[in-house]
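Colleague: Sequence:
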Amino acid sequence: MIVINYLGNRVKGEVIVRAQLNGISTNPGEAIVVTGDCPELGSWDISKAYQLEYINSNT
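Each residue of the sequence shown is one higher than the one before, counting from -1 in the working numbering.
None of these hints come from the bench; they were simulated from the model. All C-beta atoms in this analysis are idealised placements derived from N, C-alpha and C, irrespective of residue type, glycine included. Take the hints with a grain of salt, since some may be wrong.
[Claimed, not checked] The calculated SDA-like cross-link candidates involving lysine to any residue, where the alpha carbons are at most 25 Å apart (straight line), are: (1) Lys46 to Ile14; (2) Lys10 to Trp42; (3) Lys10 to Asp35; (4) Lys10 to Thr24; (5) Lys10 to Ile44; (6) Lys10 to Leu39; (7) Lys46 to Arg16; (8) Lys46 to Gly34; (9) Lys10 to Val32; (10) Lys10 to Ile22; (11) Lys10 to Pro26; (12) Lys46 to Asp35; (13) Lys46 to Pro26; (14) Lys46 to Asn25; (15) Lys46 to Val31; (16) Lys10 to Thr33; (17) Lys10 to Asn54; (18) Lys46 to Ala29; (19) Lys10 to Gly34; (20) Lys10 to Lys46.
[To be verified] Beta-carbon label-pair distances, calculated as ranges: (21) Ile30 to Asn7: 18 to 24 Å; (22) Lys46 to Gln18: 21 to 27 Å; (23) Asn54 to Val32: 28 to 34 Å.
Go ahead and model the full structure; you've got the sequences and the hints to work with.
Modeller: Written out as structure tokens, the structure is:
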């Protein structure tokens, strides 16, 4: 895992994050989401979390 931390004023703008999860499989109808304790990540509410996009069988 790589953790990137930024200390200072918040930056406003569009952010693109690319994540590759190896060894994880899903079935039709299942999803992998990113959530957290801040409002931008849904405040731990799964219905407000960001769903990862399926690219291919490895990404």
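Colleague: When the hints from earlier in the document are held up against this structure, which numbers fail?
Modeller: The structure conflicts with hints 4, 10, 11, 17, 21 and 23, although it agrees with all the remaining ones.
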